[in-house]
Amino acid sequence: MSALTDLGVAAIRDGVRGGAFSAREVAEAFVGAVEKARGLNAFTVETPERALTAADLADADRARGALKPLSGVPVGIKDLFSTKGIQTTAGSRILEGFEPPYESTVSANLLAAGAGMLGKLNMDEFAMGSSNETSGFGPVVSPWRRSDGGNAPLTPGGSSGGSATAVAARLAPAVTGTDTGGSIRQPAAFVGITGIKPTYGRCSRWGIVAFASSLDQAGPMARDVKDCAIMLEAMAGFDPKDATSLDLPVPHWEANLTSDVRGKRIGIPREYRIEGVPDEIDKVWERGIALMRDAGAEIVEVSLPHTKYALPAYYIIAPAEASSNLARYDGVRYGKRVAPENGNLTEMYEATRAAGFGAEVKRRIMIGTYVLSAGFYDAYFNQAQKVRALIARDFERVWAECDYLLTPTAPSAAFALGEKSDDPIAMYLNDVFAVPASLAGLPAISVPAGLNDQGLPLGLQIVGPALDEQGVLDAALALEERAGFTARPEAWW
Amino acid sequence: MVSDYRIHGATGEWEVVIGLEVHAQVTSKAKLFSGASTDFGAEPNSQVSLVDAAMPGMLPVPNRECIRQAVRTGMALEAQINPWSRFDRKNYFYADLPQGYQISQLYHPIVGEGAITILTDEKDESTAKTIGIERIHLEQDAGKLMHDQHPSFSYVDLNRCGVALMEIVSRPDMRSPEEAGAYVRKLRSILRYVGSCDGNMEQGSMRADVNVSVRRPGGELGTRTETKNVNSVRFIMAAIEHEASRQVDVLESGGTIVQETRLWDPDKAEGRSLRSKEEAHDYRYFPDPDLLPVELGEDFLAECRASLPELPDAKRRRYEEALGLPPYNAAVLTAEVETARWFEALLAELGDGNAVRASNWVISDLFGALNRLGHSIEDSPVTPRQAAELLRLIADGTLSGTLAKQVFEIMLETRQDAGTIVEERGLKQTSDTGAIEKVIADILTANADKVAEYRGGKDKLFGFFVGQTMKAMAGKANPGVVNALLKKALG
Amino acid sequence: MLAPATMSVDAATVRHIARLARIAVTDAEVAALAPELNNILGWVEQLQEVDVAEVEPMTAVIPNRLRLRGDEVTDGGIRDDVLANAPVAEHGFFAVPKVIE
Ligand SMILES: [Mg+2]
Ligand SMILES: [Zn+2]
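Chains as they are written, first to last, in this note's numbering: chain B, 1 to 493; chain Z, 494 to 984; chain E, 985 to 1085.
Treat the hints with care, since some could be wrong.
[Stated by the list, open to error] Straight line, CA to CA, 20 Å or less: simulated EDC-like cross-link-like pairs of lysine to aspartate or glutamate: (1) B:Lys-336 with E:Asp-1065; (2) B:Lys-336 with E:Asp-1064; (3) E:Lys-1082 with Z:Asp-641; (4) Z:Lys-808 with Z:Glu-946; (5) E:Lys-1082 with B:Asp-148; (6) B:Lys-241 with E:Asp-1065.
[Said to hold, decoys possible] Over 10 Å on every C-beta distance to chain Z, these chain E residues come out as not near it, computed from the model: (7) Asp-1011; (8) Pro-1019; (9) Trp-1027; (10) Gln-1030; (11) Gly-1054; (12) Thr-1058.
[Unchecked claim] Some, not all, of what chain Z presents toward chain B, calculated at C-beta under 7 Å: (13) Leu-543; (14) Ala-547; (15) Gly-550; (16) Leu-552; (17) Val-554; (18) Arg-582; (19) Phe-586; (20) Ala-588; (21) Gly-593; (22) Asp-775; (23) Arg-777; (24) Tyr-821.
I should point out that these hints are in silico values taken from the structure, not numbers from a laboratory. Predicted model, so just to flag it, every value in this text is computed and none were measured. Using N, Cα and C, we set each Cβ at its ideal position, and we do this for glycine too.
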């Protein structure tokens, strides 16, 4: 039998249920893997005792015949989720040492479902980044390496980079991520795993450190589609504490999962063919199209005319919201304080925020402050919100022609750490395919679909209509079954 | 009517233009966006939720009652109610503002244009003037800073932080400190009738930002200054007076008025510039992405309207037209909701037929006594029911005016009922002719000489005999009966 | 790339924005930030091409109605939790450098 750390959520859950192994054995295996993998810098905090306690509880529950949906399943939690009594930093030094007296709704849901917490996962600072290089605690390293012998450390993508590395390196069977403009999907694609961003409002934002409130959505990252369905079922649900939470029952995504997509119409948006994107991306996209056709789906060419404006609109709206959401980090109630010798309140604010925030966070706060400032509101923010409405309308119209969209997840495979960090816009372009669905609040998933010439994973994205996570998961499963992606990084760390 | 209030400067007359932004604390148990209590005077930071403290990841959820009260207030001011409104963020840094922004309403306030009619002279309906209301919006109150507790620190208490405020913005329609005073008193009265704000200015439940500018009568509007957080009618009027004459001095000595925020110092009775706190305000308002638009349904609006009480103007009209009260009485009795409530409880006992008598008694006797004893009408030692009994005893002749006053004094001290006092102390007025005739007989014999003079034509001696009789009867004799019997006895 | 008045952020503007955002910036940072912000702002300028005449700005990402809370006291009384992470707290208050009003 393969190592316990090779098992996914479903296999662990069923194995514990059937008595093939104990939850304790599983937890110990993953705790050991986490310890051995510190070189990847995936965790900001390790909580082995939490994982082991939850495991013992699961074994006891099994003895009582009172197993919960995720009993025996250890998970990693992105450090954007507030965890009661455990340091929560959002990847920022400004929150170093902050121990929330509360638990985010999503992580609380997972724990209530019987999951155990292995630790907090490293990430781009305040989820602002696509390579994990903006983390205040150092970049996460991808477990993948180029097959050409070049051992340059690669990015796992971002902002959920620690989450991506943890799953790909078999440090956790599943993890939480958050996606504001691709932060679940792009890293999932970079490390050859699956990650879904549900419809905006499916998962409560309560207790998740806010980046851009109108875009932030939590979602799972795991080894395959089924594990994502299981995780999402546990994470999602109405929360009266979040005014934007959707008051809807949580569907039985796992039970209803099917790879039968015969007769489904898969839309291929012409505007997603953009110049400058390497052939390997077109190739894997063509492969995905062929696989879906082979699965009995009908392929239709469609148009989303305002696609090219999604990224610029996003880079006005997200920084604007962030500039306001991050105003609370002022050194008064929690986190870092830098108070210059007999300096006044304003000097304390300025010194604290200058020392506590990294360069990219400062850049986005500045952009957001600028586009909201006197005289520019209409030209920038209001214009962007109108363009956003047009982008959402593009999607609404396209659903008349197709059931789902199939696109690449990212415009490239994983790149080397440091390769793009000096060019903000080049970095932003990582999310060119992910951002439109974020602006429209639509469910979107990334599935590994192949390797490039350097042996690095490439992902494909499936986007569906609001609330149709089921259809998105089904189409993703069809793709997964046919893509037969089995590659994994060997453990060099 | 047009105010003739003018400042007589060295170079001629100046007109004052005044607009008020009144912050009224909404009456609610919990805060606007959190479940923490709004009670006044609790231990520091004991009424603070994780939302109020702006902990990472905390989210606002609006309190229905606060929205309801703002809508009812708008309806009471006959203002336009906006069925679609939304909350915006007003971004600025200050130690009393944990979020780094105040959730407020700039672009789409919940209440639009309305109006308030004021009387600069309560007794004179011809002094009526309409003051325009521009808008009412809902917003969060800030926390409190204490500067005098520590040599190098200011202390922050977030108990008030997040309490719901209505900002009621007037048009610049006022032209004198008196009009501003009348406006605030009238607004306060309406809010208290509606029950949307307790109007307690001492506790800061009502504060005004006072916008003042001066101009040549009827001329171009001048640059205005804003004096923040003035918390009494008296201070508001004083602040306007001082600020207006300060501006006139500046202008007449060739200076210009800077648009600035000012502070009123009640102790020094002077205003001062707050430019220290001024620097580069750019609030970067934008819709709060944590909240959806506020959409008010028909049922919600109907309930708000149905729950409105009779308002001061309507009540005053009814007192004059239906109850026949003199305008002054009607004005005085409707100014405060508690007074009207007390008066109507009294009428419920006596019947509307006695409204005029009752109103006179309340305004002269009751108010007189309450002022003397330093009581407000809510804690009056005499209840409406007790007062009704007293007035009945006067009406049926059991008590003369003088006796009634005695009995009322005893009621105030002992809180006993009038009837009991009359019985126990035998303060009943008597019409017992036998007893009175006997007294008269004695007096006539004791004053035979005066009787002779009277009979001799010295008619004015009659009053002497009345006085003697009343004195002998210890004031309890019915004056009418005494007169009749004396006439008879003196022939 | 069209470059209307909304663009070209100079050092003074960077300092003004940094001040609004309460972030202290060194001269070196200002010098670095000005071109960076200009590049990004220049890049987002392309939004001005889009005809939005008949479009309302998006208000809700997913159609949803604002829910209102009942007026009950359900929170507070957790001063220790509120102050637990404060860099400086004294006598039940947060403490900040003295503010002179
Ligand atoms: Mg703050
Ligand atoms: Zn205000």
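Here's how the hints hold up against the structure:
1. Only pairs whose Cα atoms come within 20 Å are accepted, and Lys-336 of chain B paired with Asp-1065 of chain E is accepted, the gap being roughly 17 Å.
2. Annotation: proposed proximity of Lys-336 of chain B to Asp-1064 of chain E holds, straight-line Cα distance about 19 Å (limit 20 Å).
3. Distance hint between Lys-1082 of chain E and Asp-641 of chain Z is fulfilled; the C-alpha atoms sit about 9 Å from each other, no more than 20 Å.
4. With a C-alpha separation of about 59 Å, the suggested pair Lys-808 of chain Z and Glu-946 of chain Z falls outside the 20 Å cut-off, and the hint is violated.
5. Between Lys-1082 of chain E and Asp-148 of chain B the alpha-carbon distance is near 61 Å, which puts this suggested pair outside the 20 Å criterion.
6. Between the alpha carbons of Lys-241 of chain B and Asp-1065 of chain E the distance comes to roughly 19 Å, so the proposed pair stays at or under 20 Å and holds.
7. Its beta-carbon lying about 20 Å from the closest one in chain Z, Asp-1011 of chain E satisfies the requirement of being farther than 10 Å from that chain.
8. No beta-carbon of chain Z comes within 10 Å of the beta-carbon of Pro-1019 of chain E; the shortest separation is about 23 Å.
9. Taking the minimum C-beta to C-beta distance to chain Z, about 21 Å, the non-interface status of Trp-1027 of chain E holds against the 10 Å cut.
10. Distance to chain Z confirms Gln-1030 of chain E as a non-interface residue, since its nearest Cβ pair spans about 21 Å, more than 10 Å.
11. Annotated as non-interface, Gly-1054 of chain E brings its C-beta within 10 Å of a C-beta of chain Z; the closest such distance is 6 Å.
12. Residue placement check: Thr-1058 of chain E does not keep its beta carbon more than 10 Å from all beta carbons of chain Z (closest about 3 Å).
13. Among the interface hints, the one on Leu-543 of chain Z holds; its C-beta lies about 6 Å from the nearest C-beta in chain B, closer than the 7 Å criterion.
14. Because the closest C-beta pair between Ala-547 of chain Z and chain B is about 4 Å apart, less than 7 Å, the hint holds.
15. A least Cβ separation of about 4 Å between Gly-550 of chain Z and chain B falls short of the 7 Å threshold, and the interface hint therefore holds.
16. Checking Leu-552 of chain Z against chain B: minimum C-beta separation of about 5 Å stays under 7 Å; hint holds.
17. The beta carbon of Val-554 of chain Z is positioned within 7 Å of a beta carbon in chain B (closest approach about 5 Å), and the interface hint is therefore held.
18. The criterion of a C-beta within 7 Å of any C-beta in chain B is met by Arg-582 of chain Z, whose closest approach is roughly 5 Å, and the hint holds.
19. Proximity of Phe-586 of chain Z to chain B holds as hinted, the smallest CB-CB distance being about 6 Å (cut-off 7 Å).
20. Contact between Ala-588 of chain Z and chain B, as hinted, is supported at the beta carbon level, the nearest pair being about 6 Å apart and thus within 7 Å.
21. Annotation: interface hint on Gly-593 of chain Z holds; nearest CB of chain B at approximately 2 Å, less than 7 Å.
22. Checking Asp-775 of chain Z against chain B: minimum C-beta separation of about 5 Å stays under 7 Å; hint holds.
23. Nearest Cβ of chain B to the Cβ of Arg-777 of chain Z: about 4 Å, under the 7 Å cut. The hint holds.
24. Checking Tyr-821 of chain Z against chain B: minimum C-beta separation of about 51 Å lies over 7 Å; hint violated.
In this structure, the hints that do not hold are numbers 4, 5, 11, 12, 24, in rising order.
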